[in-house]
Amino acid sequence: MSNTEKILCCFTLGGQQYLSELLLDAEKSSLNLHSRHQIPYDPEPHSLYGESLDYQKISLFECVGDPPDSAGLYPDIAHTRSSFPHYAVLGQRHIAENEKAFKSISFRTDDLELVFANQGLFGSAAHAPDHQNLKAWLESCSPNANITSNNDHIPFHHAADQNFVEHDISVGFFSVAVELKATANSYKEIHYVKTTVATLRFKERKSLTEALDGIIVAQHFFTIIAGRYQGVHSLLADVENPKLSVSQNESDKMRIHWSFAPTCSTHLASNLRDIPVTPQVDSDEFYTLFRQWSERHDRWLPARLRIINWQKAGRVFDENRLVAAANAFDILPYSAYPETGDLSEETLEARRQCKALIRALRSGPEREQALNTLSFWGGKNLKLKVLSRSKIIHDSFGDYFVDLDLVLTTAINMRNYFVHGTNKFGYEHYEHLMPFLTDALEFAFIASDLIECGWNAKQWSSKYLGYSHPLAAFYRRYTSELGNFVLAKQNAQK
1 MSNTEKILCC FTLGGQQYLS ELLLDAEKSS LNLHSRHQIP YDPEPHSLYG ESLDYQKISL
61 FECVGDPPDS AGLYPDIAHT RSSFPHYAVL GQRHIAENEK AFKSISFRTD DLELVFANQG
121 LFGSAAHAPD HQNLKAWLES CSPNANITSN NDHIPFHHAA DQNFVEHDIS VGFFSVAVEL
181 KATANSYKEI HYVKTTVATL RFKERKSLTE ALDGIIVAQH FFTIIAGRYQ GVHSLLADVE
241 NPKLSVSQNE SDKMRIHWSF APTCSTHLAS NLRDIPVTPQ VDSDEFYTLF RQWSERHDRW
301 LPARLRIINW QKAGRVFDEN RLVAAANAFD ILPYSAYPET GDLSEETLEA RRQCKALIRA
361 LRSGPEREQA LNTLSFWGGK NLKLKVLSRS KIIHDSFGDY FVDLDLVLTT AINMRNYFVH
421 GTNKFGYEHY EHLMPFLTDA LEFAFIASDL IECGWNAKQW SSKYLGYSHP LAAFYRRYTS
481 ELGNFVLAKQ NAQK
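Numbering of the sequence shown is given in UniProt numbering, commencing with residue 1 and proceeding in unit increments.
Derived by calculation from the structure, the hints in this document are not laboratory data. A hint or two may mislead.
[As the list claims (entries may be wrong)] Pairwise CB distance ranges (calculated):
hint, residue 1, residue 2, range
1, Arg367, Arg205, 37 to 47 Å
2, Glu349, Tyr467, 54 to 64 Å
3, Ile331, Ala177, 53 to 63 Å
4, Pro43, Glu349, 54 to 64 Å
5, Ser344, Glu295, 34 to 44 Å
6, Leu53, Cys141, 19 to 29 Å
7, Ala136, Glu295, 51 to 61 Å
[Claimed, not checked] Calculated cross-link-like contacts (lysine-lysine; reagent style DSS-like; alpha-carbon spacing at most 27 Å):
hint, residue 1, residue 2
8, Lys424, Lys383
9, Lys243, Lys103
10, Lys57, Lys100
11, Lys100, Lys243
12, Lys181, Lys253
13, Lys194, Lys103
In this text, all values refer to a predicted model and were calculated from it rather than measured experimentally. Each residue gets a CB set at the ideal place from its N, CA and C atoms; glycine is no exception.
Please take these sequences and the hints and turn them into a complete structure.
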């Protein structure tokens with residue numbers, strides 16, 4: 001979600017001030033400087049500092065752009081320069097690019113309201129109190145208002161809990177608040193705008209990029225939980241005020257514009273019942289899962305991104321998505337898989353003899369291929385890695401996923417066909433099942449990850465699930481899709 005904003009301002013470069021126009025519009029953001037004199041230029045990414053006409057301090061980071069342009073004839077030459085800022089911070093003071101001043105950041109994602117939906121947040125009183133008592137109470141709230149009341153009144157209420165509860169999610173302390181804005185008039189209607197805002201308070205002061213790394217962890221988690229790729233917007237930071245002592249515990253509020261912030265998905269949101277877990281249903285399970293998932297995110301990030309980035313595509317499948325899902329298992333940390341044990345002395349000796357024979361061959365592609373194959377002897381190949389994650393699924397779901405291991409190994413065969421060109425399994429018989437095989441890989445990766453981090457998958461599957469969330473859709477469709485898979489397997493074996 002992008003709110004376009006144009007600001008007239010003045011920026012200082014090389015001790016000189018330049019009249020400027022700052023456009024904040026995601027990837028279209030720009031800073032245009034104007035002058036009758038030459039404007040300094042730096043081809044490397046750099047920071048720029050300025051001030052708006054209403055005295056807002058503006059800090060721009062990682063600015064890049066083309067050299068200044070000139071127009072007109074001497075002596076009436078006009079110079080302009082355009083820069084693209086990756087980040088903008090607006091507030092009461094300037095911030096250095098690597099300054100560790102950020103205490104917390106509030107933000108919103110597309111499905112924050114869905115994941116943190118609170119029952120009973122809004123309502124009406126079916127049995128309203130006596131209108132005289134109600135009138136007296138309303139007048140005590142608004143002494144200067146002329147309030148009329150009768151027996152036909154219907155009180156509406158908003159009952160959000162404003163006692164913020166922070167939860168340690170490893171990258172910081174996470175909390176959620178509901179903000180309400182309401183307008184009312186006598187000729188139209190009562191209009192409420194409710195927004196759910198998340199806040200990540202850091203355990204130590206962070207630079208801007210470090211702080212945004214923490215926001216990305218939460219964004220990735222909500223992408224998995226909500227079932228569609230999440231955009232991040234409405235960033236507001238608490239920034240340390242250097243003029244105040246630490247004991248005063250005061251800070252400046254600063255707006256953050258992130259030009260390449262994750263953008264919202266165009267796909268439909270999930271139904272609340274299909275989401276793996278929500279704090280409304282089980283707060284302890286949700287925040288335990290959130291914390292443990294976040295604790296290992298740095299180590300698991302390369303693999304998780306192979307799954308998360310493809311959530312932008314929704315239900316669109318091709319060979320690249322299948323290969324990415326399979327490769328996600330291959331680049332998980334070694335600790336994600338059970339130990340295979342050391343090779344026996346007899347096997348090690350056989351491997352040494354094989355290597356000696358192959359090294360005696362003439363150098364060339366065949367020799368290198370054979371040596372590379374031997375290097376995997378005793379290691380964990382991709383199929384074994386996938387099946388070890390599949391075991392976590394079976395342990396949680398019981399006998400529901402019949403032949404899931406066979407489905408997953410076929411998916412790996414299809415991956416190998418796209419990567420290496422090997423087609424011993426009959427690709428042409430399974431080609432139409434590419435979405436199902438891709439779903440199987442993504443489900444095995446996501447579900448096993450969540451289960452290890454504390455998700456009660458058995459309890460989730462006991463509900464009447466729909467098709468709105470990728471995990472729920474695969475669960476519901478598995479039995480019918482398995483029939484098509486078995487038929488394809490029979491045709492491939494003929």
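Quick check: which numbered hints come out false for this structure? 1, 3, 6
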